[in-house]
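Peer 1: Start from chain A and add chain B according to the hints.
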Amino acid sequence: MDVLNVDYMLGLVPVLLRYLPLTLQLAGTGMVLALILACLFAVIRVLRIPVLNQLTIVFISFFRGTPLLVQLFLFYYGLPQLVSALTVIDGVTATIMGLTMHFSAYMAESIRAAIVGVDRSQTEAALSIGMTNGQMMRRIVLPQATRVALPTLMNYFIDMIKATSLAFTLGVTELMGATQKEASGSFLYFEAFIVAAIMYWVVVELLSKLQNHLEIRLNKAYSR
Amino acid sequence: MKALLINMLLTTALLASAPSLAQDDPLRVGMSGQYFPFTFVEQDKLKGFDVDVMNAIGEEMGRDIQYETANFSGLFGMLESGRIDTVANQITITEERQKAYVFSDPYVYDGAQVVTKKGNTEVEGVEDLKGKTVAVNLGSNFEDLLQELPYADQIDIKTYESNLERDTALGRVDAFVMDRVSASQIIKEKPLPLELAGPTFSQITNAYPFRDTEAGRALRDEVNEALAALRDDGTLASISEKWFGTDITRP
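As they're listed, the protein sequences go chains A and B. Sequential numbering from 1 applies to the first sequence in this note's numbering. Sequential numbering from 225 applies to the second sequence in this note's numbering.
Any given hint could turn out to be false.
What the simulated footprint calls covered on chain B by chain A, stretch by stretch (three residues with Cβ under 8 Å from a Cβ of chain A suffice, anywhere in the stretch; the number is not a length) [what the hints assert, rightly or not]:
1) 290-303
2) 330-338
3) 384-397
4) 414-427
Now the stretches of chain A that chain B is said to cover, found in silico as 3 or more residues with beta-carbon under 8 Å [claimed, not checked]:
5) 11-18
6) 70-78
7) 81-90
8) 163-170
9) 185-199
No wet-lab data here; the hints were simulated from the structure. We put the CB at the ideal spot given by N, CA and C, even for glycine.
Just chain A, with the same shape it has in the complex (with noise of 0.2 Å):
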């Protein structure tokens, strides 16, 4: 048993990829949608709207003060307590509730800082020629505080998709989900986990791709 059990880890690998796609809709879909909501968020925050901004805070400080595992028995197994029809949520949709509200939080301050670590200037100049609020931020600044947040917007994306891993607790088998009951069928901890481990990798590392290629396209403007 000490030698590395090669073929179950072989055998295990089309098993686990059937897995891979829930996981990275998981990831994929609270992306898109805590990218949306942390804009509007730090639109929200970076304009001081009130009523709005309070709001804001107040769900960013409770969601970036929670653990995300916390969030996600709440939403899963709390609200249908309160709610009894909330049992339609199922542990998808709750998965999903939970890490766009988790991260959209994390991500509207890292969003926030781009915003306004743009220059003055350039504000000062969008308004003068008689641009309105909403035109100043779609032309001239969010383009320009997108360059500065992708970085960190894409750790965030890496964060989460390892935080799909959590989903299995509320019933959704993903990857982690599968690799935990083979490895109890198998008792090849080591193995089963290593083969999971070396797929989240991969995945990761092809983000990390992609993210130097964005890169050098947002930044084309500022190369000379």
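Peer 2: Frame of chain A; chain B shown alone:
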């Protein structure tokens, strides 16, 4: 007297018309998929004693069985929130659980067993656990059994989501406590240096929990009927023989 009679009749009628699972609805069964050999996965296929028994019950009831797997700690939450109808994961009947759920008739009779790393001469039974670190599965009733021991305050109990067999074999904990049947099975089938330490120390009976509602009780009755039939025609015994080489479905 008449009023009472009418009352009783009405109650019976109401109970009879209780909202229950439609006849062609599947029975949704939760299990961890991580409790060898009761429920585990091999090459993406859910297997085990609990799977076989549930399938037989489903056949007897004329219902499809829809399995939902989740970490053990999530199963009762899923039952509570109505996402599954029952749990087939060697759930032991305890007083605490009986307050919240109604149980079917027991289908497994077993005892709590101390297991140590092979060659451990310090722990040779439950009385040797004094001053030791002992692993149990999170949410399982073995933690309660240990707490009930007179010297419970001298035992360092560690709860695990999974993999406690591995940690015991690695020597991270002195022993783990599990039911005798699955402990023996793990030792027999799996390449881990473990051994049983002493005899079992508490009789346990395992059954299926249902929500304490009209629908839940109706479903429990339905399952009990199926269980009785499977017991009578020897199906239960033969499934047990297949997995354990002995009949664990009788006291």
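Peer 1: Hints first: check each against the structure and report whether it holds.
Peer 2: For each hint, the structure was consulted:
1. 290-303: Result for this restraint: holds, n = 8.
2. 330-338: violated (count 0)
3. 384-397: holds (count 4)
4. 414-427: Per the Cβ count (3), the hint holds.
5. 11-18: holds (count 3)
6. 70-78: Holds, because 3 residues of the stretch 70-78 of chain A bring their Cβ atoms closer than 8 Å to Cβ atoms of chain B.
7. 81-90: Coverage by chain B holds here, the residue count being 4 at a Cβ distance below 8 Å.
8. 163-170: Satisfied; 3 residues make the cut.
9. 185-199: holds (count 4)
Figure legend: structure checked against the earlier numbered hints; the only hint not met is number 2.
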